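Enquirer: Using the sequences and the hints, build the whole thing.
Residues 0 to 375 in numbering that gives the first Met the number 0 are what the sequence shown lists, from first letter to last.
Certain hints may be false.
[To be verified] Under the rule of at most 35 Å between Cα atoms (straight-line distance), these lysine-lysine pairs were calculated in the DSBU-like manner: (1) Lys-78 <-> Lys-103; (2) Lys-201 <-> Lys-346; (3) Lys-201 <-> Lys-103.
Hints in this document: simulated from the structure, not taken from any laboratory. From a predicted model like this one, the values you see are computed outputs, not experimental measurements.
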Amino acid sequence: MPSHHVAGEPADSVLEDLDTAAAAYAERRSEADPEALEALREDLIRYCLPFAGRLARRYRGRGEYLEDLEQVARLGLVKAIDRYDPERGSFTAYAVITISGELKRHFRDRTWGVHVPRRVQDLSLEVGHASMVLTSSLARTPTTAELAERLGVSESAVREAVESAAGYAPASLNAPVAGDGLMEFGDLIGEPDEDLEAVTDKLTVTDLLLRLPARERRMLAMRFYGNRTQAEIAAELGISQMHVSRLLSRALSWLREAMLSDTPPRWEASDRPSSHNGMQVTVDRDGAGLVVRVRGEVDRDTAERLRVGLRHAMSSRTVVVDFSGVPLIDAAGVSVLVDATLTAAAKGVDICVSGAQPYVARILAVSGLENVLRRC
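Expert: If you want it as structure tokens, here you go:
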């Protein structure tokens with residue numbers, strides 16, 4: 000596995016190139032026999048262990064032994080390696096999300112006896128630390144107002160965190176109940192209630208849904224609350240089923256990441272307006288050649304517009320197709336580009352695609368347009 004290591008440095012000082020290592024593993028695993036595959040997998044796990052350890056150390060000082068956190072991080076690392084699909088982007092980014100998710104679930108499931116929102120869990124730990132610091136400096140117990148001022152939060156948030164702290168590291172269920180000593184505390188607890196268990200997640204999802212654009216909220220409601228098919232949603236909204244599929248996938252991916260994060264990621268709106276009619280193609284002269292600038296998703300509904308723009312540009316000797324504003328492209332869009340390259344070759348026109356985003360560039364490359372990407 001590639002690394003940069005200076006003799007005499009500890010193992011954790013190695014600067015791992017995780018993406019390169021994971022890509023090499025993914026490429027070789029399709030051809031390796033089971034025994035060789037297991038050896039490759041173990042090599043990649045060992046190579047990534049320092050990275051998992053660094054993520055685990057971010058969670059020190061929260062009442063858990065570092066050794067336990069490192070074990071949890073390693074479990075997340077193994078899951079990330081086993082589930083990684085190189086077609087979906089950076090391994091490092093995927094591993095961070097997976098390992099951090101395992102660590103957060105560990106704190107939620109192992110150290111909190113009741114379901115407490117993650118933001119309240121973190122604030123509860125911060126309140127405890129701030130209370131110790133202020134008690135030492137003031138020689139008395141700090142007031143709620145003093146804690147709120149130090150942490151930069153409201154007094155009500157501090158009170159909520161203090162009340163929630165009762166759910167951290169609760170008493171053992173095996174503790175004997177006062178009396179004859181034959182009954183344990185756990186005997187008094189009812190059966191798990193799945194509906195109650197889901198309350199926190201439902202509240203979190205409800206809050207996150209409000210952060211999504213109205214169109215995505217409506218589509219999710221139609222799909223999961225109205226039990227509508229993608230075809231039915233597409234017909235009602237006046238867009239293609241493929242477009243509905245992409246929008247749902249993007250919204251669900253954002254929700255999944257937001258559920259595993261302390262701070263929800265920013266919703267990255269598509270450059271393209273909500274209607275498929277919003278895809279824009281402009282043709283501008285640049286020196287001796289022409290630049291075809293495309294903004295928006297190129298799919299079955301918009302591909303013809305790109306075809307028209309490229310057809311007009313074939314009067315020049317050089318054509319640069321600027322794809323920096325294209326977040327997605329489907330088979331219809333790829334077909335238009337393939338036809339354009341064939342037409343350009345027949346007319347002696349030099350054509351290339353510039354600024355393609357990684358996801359789009361990968362689609363073009365596997366569609367046989369890699370040479371067009373390299374020319375720019």
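Enquirer: If any of the earlier hints don't hold here, list their numbers in rising order.
Expert: 2
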